[in-house]
Amino acid sequence: MRIQKAAFKLKLSEFTIYRSNVFLNFFFGCVPLLVQIFLWKAIYGNGLERIGGYSYKQMITYYVLTFLCSEILDARDNTVKMSEMIQDGQIHNYLLKPIGFLSLNYKLYQAEKMIYLLNVGIPFLVFCLAIHKFIYWKAYNLLFFVISFCLAFVLKYMIGCILGLITTWVEEITGLLDLLNNVEKFLSGSLIPLTLLPSGLNMALSFFPFKYTLFVPVDIYMGNMKSQDMGISIGIQAVWCIVLGLVLIILKNEAFKKYSGYGS
Amino acid sequence: MISVNHLCKTYKVRQQTSSKNILKSLFKSEYRYVKAVQDISFEIEQGEMAGLIGLNGAGKTTTLKMMAGLIHPSEGTVTVNGFTPHELKKEFLKKIGLVMGNKSQLWWDISAYDSFELEGQIYGLTLKQIEERVADLSDLLDVKELLRVPVRKLSLGERMKMELILVLLHEPSVLFLDEPTIGLDIISQKKLRDFVKKYNCEKKSTTIITSHNMKDVEELCKRIIVIDHGTVIYDGLIENLKKYSKESDFEEIVAKLLQGTQGQ
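Protein chains in written order, with the working numbering: chain A, 1 to 264; chain B, 1 to 264.
This is chain A alone, in the form it adopts within the complex (with noise of 0.2 Å):
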């Protein structure tokens, strides 16, 4: 508790010196939400009540928690800081410590995601407010989109990590960090949700991962699930996450004996 404590207070220090990117970048990011309102304002005016399960309210509130989940959870940034330290041989610095590697990158993780949490949170309460007519409030399981939240989290952190650990074998990662940010995109459900792919598809998704770093938080806020459902998800998240996590460790422990440090 004692480190988490000193991450927060270094990356609050860090936080300060960017303060308005972070700032610039929510509120720009704002704007393509602006245009799914007009978007599926235009596409329910023809009448339709129910699109994919999702009323014109839901939709909008779909769209406004995806972007807001979609920022947190966002791993990218470390994904690429891992990459370029051992391409650059910085990450002798994390190995040295006596925490371990993932233990304190973590940390650091975690602490800036709070740090980001705390800031954009009332910017976006605000922005809620002002496009309130649109907005579905009424959360019915917002105990469980707490838990779901969280392990999204870790999920998305693991795979990062991983993806970010590869770079100790081919060296660059950009190409592939691009390929995946994309398909996750869509196969996370934070293109369009993932009720309006055809069912087949839908089902198919269920195996993979990525559906549970973003849509199932998400659907469950929405209230679409049914509890024996809810449960189902959450406990398959929770799968996923002991395997990626045994996957990270055995990945960790194989890069960085691998890992040479040549020339740096």
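Accuracy of the hints is not assured; some may be wrong.
Stated by the list, open to error - Computed cross-link-like contacts, DSS-like style, restricted to lysine-lysine with a CA-CA straight-line distance of at most 30 Å:
no.: 1; chain 1: A; residue 1: Lys81; chain 2: B; residue 2: Lys94
no.: 2; chain 1: B; residue 1: Lys35; chain 2: B; residue 2: Lys89
no.: 3; chain 1: B; residue 1: Lys89; chain 2: A; residue 2: Lys81
no.: 4; chain 1: B; residue 1: Lys204; chain 2: B; residue 2: Lys94
If you're looking for bench data, these hints aren't it; they were derived computationally from the structure.
We have chain A already, so just place chain B on it with the hints.
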């Protein structure tokens, strides 16, 4: 005590292909094997200060990295205070410190003190202990006024002093210094050397220094290990080397020694 026995390290390095073979390289990469360290053996007693000297690419830093546990040896063994370094056991990591002249361990955008706080917490120090140790060390190194200045605004000499404070915060009993005076002016070099000498005297730490600056080695160490092409060509007291040489300048003596092996 540090014990190095028949240590070898071979790097597998991917070859850059010529434009002729660029298509072929998309499917099959070519590698070459670089023998960085070949059958090195030596022992260093507790509290001893020894210098590792050699030309660029001789294998000094690779040897140092294997002693610190950053990379796995291809063959042979290293033990440091009874630990196998690359196992990266917590008890081992708590006892060592590594400073690399060309790698910063400080957080670039924030003050060095923020980095010290996190570092101290990682090593289980209390806030009071951190405060006291930073005060002592910064006093000795004459950087007390700069503790709250962002690291990127420090000069190279000031930054190197901060790096030393960071590494010495947990009072390691084994200290690895990889070119600690690289790029520093003569006054900063002298201050840094005096400080390392004082630390070694007070804490009885085992210290290994690699440097191209012969003044560092001559002033700090009684014993040197000269490495060339990955093998030890001299291991003994500086005094003996001087005694049997026609030259009086230490730098000249080492240059002759290395030129001798280059000519062979």
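Hint by hint, here is what the structure shows:
{"no.": "1", "hint": "A:Lys81 x B:Lys94", "verdict": "holds, 25 Å"}
{"no.": "2", "hint": "B:Lys35 x B:Lys89", "verdict": "holds, 27 Å"}
{"no.": "3", "hint": "B:Lys89 x A:Lys81", "verdict": "holds, 25 Å"}
{"no.": "4", "hint": "B:Lys204 x B:Lys94", "verdict": "holds, 16 Å"}
Violated hints are absent here; each numbered hint is respected by the structure.
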